[in-house]
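Asks: Start from the sequences, fold in the hints, and give me the full structure.
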Amino acid sequence: MTFATKLPMIRAFNATRFAAMLTLLLCLTHDTAADEPTHTKRPNFLFIAIDDLNDFSGYMADEPGNFLQTIYPDARVRAKVCQRLTPNLDRFAKQSAPFLRAYCPSALCGPSRTSLMTGVPPCRSGYYTHTRHFRTYETLKDAVTLPQRLKQNGYYTTGLGKLFHKSVGDANGPIKNDWADARYSWSSWINHASGCNGGRPSKYSPINGGNMVFGPSRLTTQESGDWMTADFAARLLETGTAEIRNDKKRGKVGPDSVTLPNDQPFFLGCGLFRPHLPFFAPQKFFDLFPTDEMTGLNRSSLDAIVADLDDLPSGAQRFSDFGSGKMKVVMEHARSVGGVKAEVPAWREMVQSYLACVAFADACLGRLLEGYERSPYHDNTVVFLWSDHGYHLGTKYHVAKQALWEEANRVQFIVHDPRSPGSRDGKPRRQLVSLNDLYPTICVMADTGVPPTLEAGKDIASLIENADAPPVHPHLLMTYMEGNHSLRTSTHKLNRYNDNSIELYNMVNDPFQVTNLAGKEQTRALQQELQNRLNEAIATRPKQSPQEQRSSHPADDTLSQNNRTETENNDRQAIHLLGSEWMRDPYVVLHPDGHYYMTSTRLGHTTGGVQGIEVWKSSDLSNWKRLGVPWTFDESSWINTLAPVIDSQKDFWLWAPELHFTGNRWVAIHTTNRRVSNLLVSKAKGQALESGFREPMEVSFGHRHDPFLFADDDGSNWLVWACAKVVKLEADFSGFDGDEFTIGPSDRKLGHEGCSIRKIGKKYVLFGTAWSKDELRQGTYNLYYCTADRVTGPYGPRRFAGRFCGHGTPFQDKTGQWWTTAFRNGKLEKDIQRGQSLCDNGKAWTYNAQGMTLVPLEVSQTNNGDISVRAIPDPYASPGPEEVQSFSPAPRNDTASM
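Letter by letter, the sequence shown follows residues -33 to -1, 1 to 865 of mature numbering (1 follows the signal peptide of the UniProt record, and there is no 0).
Be aware that one or more of the hints could be misleading.
Unchecked claim - Simulated crosslink set (BS3-like; lysine-lysine; CA at most 25 Å straight-line):
hint, residue 1, residue 2
1, K650, K584
2, K652, K692
3, K108, K170
4, K726, K740
5, K133, K143
Claimed, not checked - DEER-style ranges, computed between Cβ atoms:
hint, residue 1, residue 2, range
6, D392, A655, 28 to 38 Å
7, L269, T208, 51 to 61 Å
8, G290, Q495, 24 to 34 Å
In case anyone wonders, no lab produced these hints; they're calculated from the structure. Backbone N, C-alpha and C define an ideal beta-carbon position, used for all residues, glycine too.
Replies: Next comes the structure, spelled out in structure tokens:
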């Protein structure tokens, strides 16, 4: 009986008996062999890895650059083939969040998986091959892996199959033999058979090709190791316990069974070995892909692939198989069997074998997903499905993974979170993501925090929950062997080899990477910009303590303005957030714990507003959670002074509150509409806000309109207020350390209010707010700035930063991208209100009646060492026609991104 059918029975009971019955019904919802898990707060994870799976699937088949389009040029034939190829994967994608532009850190099993699991990219760890265990490397011996992090934080971690480079683990043996990292990563590791052996090489399978062999297996699907691996994990999900069947244990060490505990959340990893070489799969999967359907694999396409090698630079030529490699081995064997005319049939037979292995892996996946769907843990178990890298099947005359081209680096990646409707919409996500993003994303979901050893990856929860969320990566880095790197943006791909030779491809107009644009006059500036970004991405960065995990420079900054025509701008748009909330003067700070904290002016005392400092928290700038009000104004030393005002119900507003984190303490500042301001210091050190605040200066702090706290590089703290004055603070915030200074532009008054100072490079940048007509509430509420070599000045002339960005507080996100906050203030003139051009691509109104807008900034250094700041998207980027001050265009052509 379902809950819905039982509900009418419940209504007949009184309130007390109703509560008792409801409790009983919730306990009886699942009729399964396993008890309902008792934990409800933290999710479980099902972590599925599929080895060597490229972008061959139905949901990705029509994406630009997919080689299935070459194999099956007829779209109708291709669609039918895909129905046979990956029915389970495609069904799962339609119910989940599929990522169509996901990439690996390295196109080789061990380095890719090690980077994913440790959060350390190959260019930092030096782990470029998998000839030995990753923990034998000095750079990785103390690495905290993803399952290890979860295990340290209360998760039960168990797994089997190929998750690290090999599937065998020995928790009690030498590290060099513990390939699955059973000693450190797993509560319980199962040594289980994988793959599908018993192969019968086909006619064109090379005789001496090493593992480059292909053909049908003598085993049935249910007899294969991968099926049994998937079945073990499925039974564990269905019943909460599973044991190895049919003597399929690998070796003698390790447990034979697993039982999931009821008092812990779990992380279950399951790794499938196919479609990795050798290309053996049961015969029925070969029968699904007759070679005569592969009309696109013919003599003309083979000749075209050879012709495409003409513009490969010296470094890239080494990764083509024309001189040596698997493609050459297959072609040479084909010619030995039937001459040149046998090359195409051999090519088709090899591709058929790979397709058969993909279909076999999909069948094994189907069994695992069946267990997941039947599981009593289903509703609280998040699925991450991924492949470790891509695979070439002929393009660039290459058959393998080891390369920098798109085919070797694009992977399949799907997330399913049953708790989040957005993650189950099936909409394709085309924002750039990396396998390195799995580690921080899962840690955030599990509420474990991200370890300080993590050097790559970002939390992509916003993309999982919303297919239309803004990108988190302007570019991605991929590495294969030492000194060979690829930088992928949303529009271009630059490959640089260890001999400094270059490839550059326009991935929008040339997704199959046929025309190398490197060295062309029209792309010279773009090539240099991408090389600069590549240099920054691979630069060695010191490991940081948990309190220092804040980006000190914008490593992932977007392309500079002179190359804007060469790239998409979808990662440079404004974002409107919290549209149902009334707020003004929003302030955002990035805490060393990796979270953003936001405060703002809220409704006044007589309008039912917040009677204190309200704090919001986010891990990604897109999804905000209200933390509460850690300080209320009735705790203040000046409450007695204001008591008559409050008692008389006259309006009382707490204005422009800000939270700062300095000296391992929170510091809060604010002003009010009743000429009272305050500086507050948290009573306890650390990130917790619950300890409360004290007032080191009490009423002697005085009235400081729109106060701002600036922490300089030398550890000193400065108070900035009005527009503008600045004074140094005592180290313990107990008073002022010296004289006040009046600061501002050299040519005119900075503005009316909302000042802040940021140290960018070696320059002090003073931001301030003014109305564009230099009269109160006349024109638009804009952000301006000026720069100096010292915090006390003198400052240079006033410059324009952003329209509608008044009282905006510029800040950097975790990638180093600069943003400023924006909001509505006052009544805009009617001619401005009517201008529909003020709507930013339908995503963010420039004068939001409610909520907060985040506007991306381009911050760069000019040739003379000065700092240039300008909002990126229109209409924020340009001064309005009513502006009383004349501004020249931002000096973008001679700037370097900061």
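Asks: A separate judgement is required for each hint: does it hold in the structure or not?
Replies: Going through the hints against the structure:
1. A C-alpha spacing of about 20 Å is found between K650 and K584, which places the hinted pair at or below 25 Å, so the restraint holds.
2. With a CA separation close to 29 Å, the supplied pair K652 and K692 exceeds the 25 Å bound.
3. Between K108 and K170, the direct Cα distance comes to roughly 46 Å. Violation of the 25 Å bound is thereby established for this hinted pair.
4. Between K726 and K740 the CA atoms are separated by roughly 28 Å; this puts the pair beyond 25 Å, and the hint is violated.
5. Simply put, K133 and K143 have alpha-carbon atoms about 12 Å apart, close enough for the 25 Å limit, and the pair holds.
6. Roughly 36 Å separates the CB atoms of D392 and A655, a value that falls within the hinted 28 to 38 Å.
7. The given range of 51 to 61 Å is respected by L269 and T208, whose C-beta atoms sit roughly 52 Å from each other.
8. Distance hint check: the CB atoms of G290 and Q495 are about 31 Å apart, consistent with the given range 24 to 34 Å.
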